[in-house]
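Taking the hints into account, I'd like the entire structure generated from these sequences.
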Amino acid sequence: MLIKPPHIAFTLLILSWLLDYSFPQFRFIQGNLRYIGILIFVAGLSMTFYSFYLFKKNKTPILPGQKPTFMVIEGMYKFTRNPMYLGVATALLGVSVYIGNFLALFSPLIFFLVMNFIYIPFEERLMTKLFGSKYLEYKKKVRRWI
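The sequence shown: position 123 = 151 (the working numbering), numbered continuously.
In case anyone wonders, no lab produced these hints; they're calculated from the structure.
Among the clues, some could well be false.
Using 25 Å as the maximum straight-line C-alpha spacing, the simulated BS3-like pairs for lysine-lysine come out as follows [unchecked claim]: (1) LYS168 x LYS157; (2) LYS95 x LYS84; (3) LYS87 x LYS169.
Pairwise CB distance ranges (calculated) [as the list claims (entries may be wrong)]: (4) PRO52 x ASN86: 26 to 34 Å; (5) GLN58 x GLU152: 26 to 34 Å; (6) LEU154 x GLU102: 16 to 24 Å; (7) PRO149 x ASN60: 14 to 22 Å; (8) GLN53 x PRO89: 40 to 48 Å; (9) GLN58 x PRO89: 27 to 35 Å; (10) LEU91 x PRO52: 14 to 22 Å; (11) GLY59 x GLY93: 37 to 45 Å; (12) ARG153 x TYR81: 42 to 50 Å.
Where is the CB? At the ideal position from N, CA and C, for every residue including glycine.
Shown next as structure tokens:
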């Protein structure tokens, strides 16, 4: 894959701030309610970094396009096949809530759509090729997102 998910997420994060700056009339969350976004952001980052830890612990590459050497099925991977992407999408949602601008909500949506229709299918084909029936059984038991 040419563009890595972290670069996509960072670009969308900047886009959220730019949209808010350019279109302040679309702000719909005001005051202290915006701070819920910080909690959502921290939850998303926690999910992502814990998933990174599990990959490091099992000495398997993290970035898409690299050949996995181990199939991680512990921790969050018991509940979602893509906790890193789910964590990043959640973190982007948290930023959107904190910003409070309706247009910023496009960032987590775009990230979700790109991951769901471009990156994840590629990764699922690779995992099936590398791990065969073990991955297919896991895929039957654990949902793609939540």
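Hints and how they fare:
Distance restraint check for LYS168 and LYS157: the Cα-Cα separation of roughly 16 Å lies within the 25 Å cut-off, and the hinted pair is therefore satisfied. At roughly 14 Å between alpha-carbon atoms, LYS95 and LYS84 fall within 25 Å of each other, so this suggested pair holds. Distance restraint check for LYS87 and LYS169: the Cα-Cα separation of roughly 24 Å lies within the 25 Å cut-off, and the hinted pair is therefore satisfied. Between PRO52 and ASN86 the C-beta distance comes to about 46 Å, which lies outside the given range of 26 to 34 Å.
A hinted range of 26 to 34 Å for the beta carbons of GLN58 and GLU152 is inconsistent with their spacing of about 41 Å. Checked against the hint of 16 to 24 Å, the pair LEU154 and GLU102 passes, with Cβ atoms roughly 20 Å apart. For PRO149 paired with ASN60, a C-beta distance near 41 Å fails the hint of 14 to 22 Å. Roughly 44 Å separates the CB atoms of GLN53 and PRO89, a value that falls within the hinted 40 to 48 Å.
For GLN58 and PRO89, the hinted distance range of 27 to 35 Å is not satisfied, since their beta carbons lie about 43 Å from each other. For the pair LEU91 and PRO52, the supplied restraint of 14 to 22 Å is violated, since their beta-carbon distance comes to about 36 Å. The given range of 37 to 45 Å is respected by GLY59 and GLY93, whose C-beta atoms sit roughly 43 Å from each other. At about 26 Å, the beta-carbon gap between ARG153 and TYR81 misses the expected band of 42 to 50 Å.
Of the numbered hints stated above, those contradicted by the structure are hints 4, 5, 7, 9, 10, 12, listed in ascending order.
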